[in-house]
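Residues per chain are reported as follows:
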Amino acid sequence: MIEDSFLDGNSIIHNMDPRLRIIIAFIFSFLISISQQLPTLLLGLTVAILISFPVYWSNHRIQKKIIFVNKFILLFWIFLPLTMDGQPIVLLGGLIVSKEGIWLAAILTLKMNVLLLVLTSLVVTIPISLLGKALQSLKLPDKLVVLLLFTYRYIFILEQEFRTLQVAAKLRGFEPATNLHTYRTYAHMTGMLLVRSITKAKQLQQAMVCRGFTGRFHSLSDMALKSVDWMWLGFFICCIAGLGGVEWIPR
Amino acid sequence: MDTTVAPIFELEDICFSYPEVQVLEDLQFSMNAGEKLGLMGSTGTGKTTLLHIMIGLLIPTSGTVAAFGKTMNSEKDFVSVRKQAGFLFQHSDQQLFSPTVLEDVAFGPLNSGMSSQEAKEISWQTLRSLKLEDLADRVTHRLSGGQKKLVALATVLSMSPKVLLLDEPTTGLDPVTKNHVMEILHHLDISYLIVSHHLDFLQQTSKKIIMLEHGRLISNQ
Amino acid sequence: MHIAEGIVSAPVLVTGIGVATAGTAIGLRRLDYNHIAEAGILSACFFVAGLIQIPIGPASAHLVLNGLLGILLGWAAFPALVVGLLLQALFFQFGGLTTLGINTMNLAVPAVICRYLYVYIPVSTRKWKAVSAFLCGFSGVGLASLGLSGSLAFSEENFAEVAALVFLSHIPIMFLEGIITAFGISFLTKVEPGLLPAKKTISVPALFQFFTIFRKKEIS
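Heads up: the protein sequence lines correspond to chains A, B and C, in order.
So the first sequence is residues 1 to 251, counted in our numbering.
So the second sequence is residues 252 to 472, counted in our numbering.
So the third sequence is residues 473 to 692, counted in our numbering.
The set of hints was computed from the structure by calculation and includes no laboratory data.
It is possible that some hints are incorrect.
Computed cross-link-like contacts, SDA-like style, restricted to lysine to any residue with a CA-CA straight-line distance of at most 25 Å [stated by the list, open to error]:
1. Lys334/B with Leu309/B
2. Lys200/A with Ala533/C
3. Lys71/A with Ala533/C
4. Lys334/B with Pro176/A
5. Lys287/B with Pro258/B
Sample of chain B residues lacking proximity to chain C, with all beta carbon distances greater than 12 Å (derived) [unchecked claim]:
6. Glu263
7. Ser313
8. Asn324
9. Arg333
10. Pro350
11. Asp385
12. Gly423
13. Pro426
14. Ile441
15. His449
16. Leu450
17. Ile461
One side of the interface only, derived from the structure: several residues of chain A facing chain B at Cβ under 10 Å [claimed, not checked]:
18. Glu161
19. Arg184
20. Thr199
Ideal placement from N, C-alpha and C gives every residue a C-beta, glycine not left out.
Build the full structure now, drawing on both the sequences and the hints.
What follows is the structure, given as structure tokens:
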């Protein structure tokens, strides 16, 4: 079962304007992504940890997400030191562990954790309805926003229905294995789910049209930057300028 | 064989609760071979939960489940039970997913390792015995609710189960289909347990009716 | 099938954002309001398929379904995938904001190619229809893995070996997707053929139509 993985809560981060959070997260992440310098990454990490603390106090699940992704990062530590050419440090039974490989793995681990913290603290904390409004307010096409909200709604329905079909198949003696029968069964389940939900969605759409839906969800509340948002904006402009400075101003 | 002597299902001291509510409390239940039982109870009393516990889809908080004379300890034990117990879902859409009726009826037999020829034959036989052969090549998705229910019953019966568990088999059915279901049940020579909240339907199909109330079973003949 | 944040270089990220934005714009132009729900469901299906483990030999794999999505949605696969990938990033942190562009590009470009493959491969018998559907599913993931490996290799020359490994490890999944797509298309042909695009023959007007993709047109 997928649970709603958004990090709800009430913290100074949660109360920040969602549009501001999306834009800042994007610029911040982009800078970190392309950064090559260790000091930049360390500064980024400091800021990321700083903003993730209020979220952590408000919702401890952020910890789970961080650990989950770091399990994948471990793979780099296996691959890179062994595959990269460079100065050998240790010889593991014919395998060369290179210094450059370890360095790259370390840089990537640092980078990915900063990005992960920024994404989870700033964006994953925006509930979906607010996210839709924020994206609409940021002038993303209405159709895309409607599509996002539809998709979100159907994820849970489809997943639930798929699990039920899987249970039904299990009750009729279905045991997945590597054979055509298994693949045919999964294809049929997916196809059936698709056909059925599209039928239902058409009904839903008709119902919405009947209620005057023209392709845009009207928001009940208007978004406006509060004074605390301007302070955040100032803080992040400093952070981003700092990152840029550390990265590109030659020393 | 001793399996014919041992009860098909024997549940002892079953407790089950969802996060908010306790549904079953020290429930005792047994079902012998040849028995045709009806289980009544208003919505939300845990009838479906009980059925799911019997085939291992839900694990009780405490208590023991035994099926065909064997105590169930793990998911593995239930695998063989599920092959012998046919389960009819409340909503047929939850168990039909093949493009055509024949393919869906053949799904179970194929899973038990039959060749597609054998599976086809069994499926035709099942459909004929239920007087549904006209539906064989129809697209399941486009059947009416009643037809879907009958086909779902066929998909379960094609596996030649030893016992049937039917969850609200008549909900939303028109009288004609309801009679068809009843007729099918009358001609079955295997035991079954029907969950329903329609007393008249249970009276016509079951030899014994039990009630589920406040998490326990009350038997009234 | 995602590139995590922080791995690929700026040129790759920017290319991805550019292609994804252009593709999404075209896709949205061609997606009228009556089909948004349909696209949303396909996008949700893509999301859910990514969660299902399907056995393949001793291991198991997740379905990608970008070929099938492309056949059904055409250019609208771009917005559908943007949305699906954004939600995957938010739910599970598979990929992220900066890699949304490149991840969309890697999956959606093959998806659109599959649509044209499906529509223009002239087949009439059941067997050849299955073969062409297999080809779509196979190349959907095949091209996506190529994109994925390419993105890695272009970013950092030391990733070359990892990139090759990534591509090779996807070969079984290409076959899996081919088979599932073939069965899926055959299912839809039987059950709801109206969802599938009409087959076309390559003609001069058709080629002309290809170059007028920017024209506002509804998906069929």
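Structure-based check of all given hints:
1. Lys334/B with Leu309/B: Holds: Lys334/B and Leu309/B sit about 17 Å apart, inside 25 Å.
2. Lys200/A with Ala533/C: 29 Å, violated
3. Lys71/A with Ala533/C: Holds: Lys71/A and Ala533/C sit about 18 Å apart, inside 25 Å.
4. Lys334/B with Pro176/A: With Cα atoms ~15 Å apart, Lys334/B and Pro176/A stay inside 25 Å; holds.
5. Lys287/B with Pro258/B: Since the Cα atoms of Lys287/B and Pro258/B sit roughly 13 Å apart, the hinted pair holds (cutoff 25 Å).
6. Glu263: 35 Å, holds
7. Ser313: 31 Å, holds
8. Asn324: 25 Å, holds
9. Arg333: About 19 Å separates Arg333/B from the closest Cβ of chain C, which puts it past 12 Å; holds.
10. Pro350: Pro350/B not clear of chain C: closest Cβ-Cβ about 4 Å, inside 12 Å.
11. Asp385: 18 Å, holds
12. Gly423: Holds, since 22 Å exceeds 12 Å.
13. Pro426: Answer for Pro426/B: holds, closest chain C Cβ roughly 29 Å.
14. Ile441: 32 Å, holds
15. His449: His449/B is indeed farther than 12 Å from all Cβ atoms of chain C, at 33 Å.
16. Leu450: Consistent with the label, Leu450/B stays out of reach of chain C, its closest Cβ about 38 Å off (over 12 Å).
17. Ile461: The claim stands: Ile461/B keeps its Cβ more than 12 Å from every Cβ of chain C (closest is about 39 Å).
18. Glu161: Cβ of Glu161/A sits 8 Å from chain B, so the hint holds.
19. Arg184: Cβ of Arg184/A sits 9 Å from chain B, so the hint holds.
20. Thr199: Interface hint status for Thr199/A: holds (8 Å vs cutoff 10 Å).
Of the numbered hints listed earlier, those contradicted by the structure are 2, 10.
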